[in-house]
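Put chains B and C on the given structure of chain A with help from the hints.
Now for the letters of each chain:
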Amino acid sequence: MLQSSQYSPFRHLLAIKDLNKNQLETIFSMADEYFKGGEIINRPVLKSIKVANLFFEPSTRTRVTFEIAAKSLSADVINLNIDSSSTKKGEGLIDTLQNLEMMGIKIFVIRHSNNGAAHFFARYTKEGNSVINAGDGSHEHPTQALLDMAVLRKYRGDFENMKVAIVGDVLHSRVARSQIHALKILGTKDIRVIAPNTLVPNDIESMGVQFFQSLEEGLNGVNVILCLRLQRERMATGLIPSEKEFFKLYGISSKSLPYADKDALVLHPGPVNRGIEIASDVVDGRQSVILNQVTQGIAVRMAVMTLCQSQSIIPS
Amino acid sequence: MLQSSQYSPFRHLLAIKDLNKNQLETIFSMADEYFKGGEIINRPVLKSIKVANLFFEPSTRTRVTFEIAAKSLSADVINLNIDSSSTKKGEGLIDTLQNLEMMGIKIFVIRHSNNGAAHFFARYTKEGNSVINAGDGSHEHPTQALLDMAVLRKYRGDFENMKVAIVGDVLHSRVARSQIHALKILGTKDIRVIAPNTLVPNDIESMGVQFFQSLEEGLNGVNVILCLRLQRERMATGLIPSEKEFFKLYGISSKSLPYADKDALVLHPGPVNRGIEIASDVVDGRQSVILNQVTQGIAVRMAVMTLCQSQSIIPS
Amino acid sequence: MLQSSQYSPFRHLLAIKDLNKNQLETIFSMADEYFKGGEIINRPVLKSIKVANLFFEPSTRTRVTFEIAAKSLSADVINLNIDSSSTKKGEGLIDTLQNLEMMGIKIFVIRHSNNGAAHFFARYTKEGNSVINAGDGSHEHPTQALLDMAVLRKYRGDFENMKVAIVGDVLHSRVARSQIHALKILGTKDIRVIAPNTLVPNDIESMGVQFFQSLEEGLNGVNVILCLRLQRERMATGLIPSEKEFFKLYGISSKSLPYADKDALVLHPGPVNRGIEIASDVVDGRQSVILNQVTQGIAVRMAVMTLCQSQSIIPS
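Protein chains in written order, with my numbering: chain A, 182 to 497; chain B, 182 to 497; chain C, 182 to 497.
Bound-form chain A, shown alone:
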C-alpha cells in the first residue's frame, strides 16, 4: 500500500487552503485502503509513535475519532483536555508544545478557540513532528472537510459538475471555510452559500461562491447539500431570531428538500440538532449520508496521520 511514488506527502495538516489536488487525491486513496467492505482496517504503521490529542475546546466526536484512528494505526494516544482557565495560570502554547515534544510526542492533534493556533504550533515543532488542525476558531477544520469530500467522491465522484449548497451559519463556521477551499481545489464550479444576511461574511462572494438568502432559490438544481451545525450559543447575540424561525427559513425538511435535485445528498458534520438545521426524517432519510461521514472520518484521519509521518515511516 505504502509506495512512496503514490502520493505527495506533507508534514502538517493546518488548512485545506495549503493543499493541492494531488495531495487531496492521495489522502482519499489512502483512506480507501483503510476503509474497505464497510470496515476500518487496522494497520500498525504508527507503532510506538506517540500522538497527543490536545483539546483546548471541549469535543467528544472529533476527539474520539482521532483517538480511534490513532489506535487503529497502533499509535499511543495521550488525551489532554486543557481548559482555557487552567492555561491562563499555566504555561504558554509554545512551552506546552516543547514539553510534549521532550516527552516524545510526534503528532499533535490540536483544537483551539483561536484562529491560527495550529499554525502557531507548527511553526515551533521540531523537525519530523507534525501538527494536525482539529479546528481553530472560525478559521478551518480541515479533516472535517476532507471526510466530507471523501464521502462525496464515493457517492458522486464528479466534483467538476457537482452543484453544492452550503446551508446555515457560514459566518462562524470553520467547517464551511474548509469545505469551500476543498471544493474549489477539486474543481467544483457551482458552489452556493445559503444563509441569512447576518450569518455570512461581508466578502463571501470574493471566495468564489454564490450567495443566496432564499433556500428555495439556492437549492434549485443542486445535487449536494452541506448542512452546517447551528451554534445555539449565537442565539443569545440576536443574530438569529429563534430556532423555530431559523428552521422555517433555512431548515432542510421534507418541504425544502424537493427544491434540490431529487437525489441530492445531505451531509452534516454532527452533532445534529434535529428540528433546527435539519428535520429528523431527513437525517434518517434516503438522501442522508450523515452516518457514513462518521466512519469516513476515521479513515481520513488515519490517512492524514500516516501521510504526515510518512517521511519517518516510509523509506524513500
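Please note that a few of the clues may not be correct.
A pair holds if it fits inside one copy or across any two, identical chains being indistinguishable in the list.
[Said to hold, decoys possible] Calculated lysine-lysine pairs in the BS3-like style (CA-CA distance at most 25 Å, straight line):
(1) LYS335 x LYS307
(2) LYS217 x LYS307
(3) LYS307 x LYS252
(4) LYS202 x LYS228
(5) LYS217 x LYS228
(6) LYS252 x LYS228
(7) LYS443 x LYS217
(8) LYS228 x LYS429
(9) LYS370 x LYS228
(10) LYS335 x LYS370
Simulated from the structure, these hints should not be mistaken for laboratory data.
As the structure is a prediction and not an experimental result, all values here were calculated from the model.
Then chains B and C, alone, in the frame of chain A:
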C-alpha cells in the same frame, strides 16, 4: 473454556429480570474461569473489539472495573464521561449511539440517570452489538447484583436455603431491585427488606419480600446481610432525619450484627460510608466480604462482556 | 540490564530522605539504560502490571510523564483524577486503596494536597505493591528531585564540589525540600536558599543550607541554579508584594544570571511562568537545561517504577 454448549448466551445485559437461572449459572461459571487462585486471568477473547464506557452519571469504581475487565479481555476501551448539561445542547441518545456504532464500537456499557436508558439504547443498536446496563436511574444495576450473587455462591452456595436481609434505602436503590430479582431467580425464599417506612416503595411486598422496620426483627436468623449505600443527597429531602439517627436505627454495627446468625456474611456495593450504613469494625471484620466483591466484580463483568459478544467470537 | 547485584531495591518511593546514596546511584544508572541517544528506550519489564495514577490534585505534566513512563514499560495505566469535593462525600483514602488493590493495581502513583498522604497509603498496601509519591502537600516530590539530580549528574557530574542555589518560594515547595535532601545525600556541601524572608521556613538553616535574601550575594560563585515555581495563588495572601516586584528581586534574568558562574546551569520544574521566576530569554538560553529535565523525568520515573517492582519482576 469456551464451548458453546456450556452456556446460554444473551446479546444485551439490561436487567436481571430478563435472565433465567441457566444464564446466571453460565455467567458464574465463566467468571470462575476468569478468577482463579485469587487472581484475574487475562484472556484475549475480545481482541480488537471496541468497548465504549458511556457514563452519563459520574462513577469511579464501576467505570474502572469495566475498564479493567475489558482490557483483561484485550478489548479497546473508549471512556466517555458525558455530563447531562452538555447533552442538553448536544445530540440525543440515539444519535450518540449511532455515531459510536459508525466508529466501530461493539459493546456499550451505559450508566444513565433515567430508568430504562439502557433498554432504549438496546432497541436501536445494530445487529451484533451489545448494551450492558451499568445502572439506570433507580431501576436496575445488573452487574452489581451478579457480582453479589457470585460472592454468595462462593461463600455460601445454597441459594434455596439462604436467608437474606437487604438493609437501607431500598426506595432509591437500583442495586436492591436487581438483587431481589437475582435471589428469586436463584430460588431464595427468605428475602427481607429492612428500612424506614420512607425508604421503601409502597408495593414492596408485591416483589415477594418481607418488609421489616426493625433491624432486630429483620436480621433475626439471616445468614446474609446486603447493605445498601445511603445516598447522602437524600438527607436534604427530609426522608432521613440525620446520618447519626439512621446509623443508630439501621446501621450494621457490633451491636446490631449479633441479631443475625453468628456467621452471617456482610456485603456492601461500595463506596462505603463508614459509620453511617455500617460501622468501621464491621467493614474490616471477620464476616465482611466487601473487598472480595471488588475482584469478583471484574470477573463477572468479563464474563458478561464475553457472553454478550459470544455470537461473534465463538464459532457455533 | 537487570542484574540484581547492580542495585539496591526499594519497595516504595515516598521521600528522598528515606533513600541512601547507593539507591540514588541505582536509579540514575537504570534511568541511563532507559534514556539513550536522546531517546526513551521502551522495555516490557512491567508487562501486565497495573499502575494507577491517583491524582487528588490537578496536574498535567507529572501525570502525563508517569503515564508515558508506565506505558514505555508495557504497564497498564488507569488514570484517576479525584477531586477533593467528591472524596468528601465518597470513601476514605484507605478504602480507595484497598479497592484498587482488589482490582489488581500493583503500583500507586499518588499526588495529594496533604503532607504524608503517600506514607499513609504505603502503610496499608498489600505485600508486593508499591506507592510512589508524586507530590504530597508541601512535604516532598521525590521524582522531581531525582530527575533534577539526574540532569545535574549528566551535565556536571561532581556533586561534592557543586555549588547550588535554590531560588524562590522555598516555604511552600515540596520540590525544594526533596532537592535539598538529594543534594545532601549525594555529598553536595554548598547548598544555598535564596528567597524573601516570608518564603522560607524559620528553621531553614537547620537543614544544612545557607540562607540569602539577596540574589546577588546568593548566586555568587554557584554553578547550578534551581528555580522554583511561584505558586501565583500565594499572591492573594500577601506573602509576595507583586509578580513584578518578585521578578525584580528574585527573577533569573540576563541581569541576575551573571552573578553566578558564567556556565551555571539553570533548571526549573515547570510549568514556567516566563517573566516571573525567570526571564524568557534565560528559559530559552544557553545555560538552561529545562527541556532536558522533561525527558529525564520519564527515564527516572521508568527506573523508579522498575525498581519498586523489582522484587516481583527480577529473579533474585
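Evaluation of the provided hints:
{"no.": "1", "hint": "LYS335 x LYS307", "verdict": "between (36 Å within a copy, 23 Å between copies)"}
{"no.": "2", "hint": "LYS217 x LYS307", "verdict": "between (35 Å within a copy, 19 Å between copies)"}
{"no.": "3", "hint": "LYS307 x LYS252", "verdict": "both (23 Å within a copy, 23 Å between copies)"}
{"no.": "4", "hint": "LYS202 x LYS228", "verdict": "neither (29 Å within a copy, 38 Å between copies)"}
{"no.": "5", "hint": "LYS217 x LYS228", "verdict": "both (21 Å within a copy, 20 Å between copies)"}
{"no.": "6", "hint": "LYS252 x LYS228", "verdict": "both (9 Å within a copy, 13 Å between copies)"}
{"no.": "7", "hint": "LYS443 x LYS217", "verdict": "neither (28 Å within a copy, 62 Å between copies)"}
{"no.": "8", "hint": "LYS228 x LYS429", "verdict": "neither (50 Å within a copy, 48 Å between copies)"}
{"no.": "9", "hint": "LYS370 x LYS228", "verdict": "neither (41 Å within a copy, 47 Å between copies)"}
{"no.": "10", "hint": "LYS335 x LYS370", "verdict": "within (19 Å within a copy, 62 Å between copies)"}
Checked against the numbered hints given earlier, the structure breaks hints 4, 7, 8 and 9 and satisfies all the rest.
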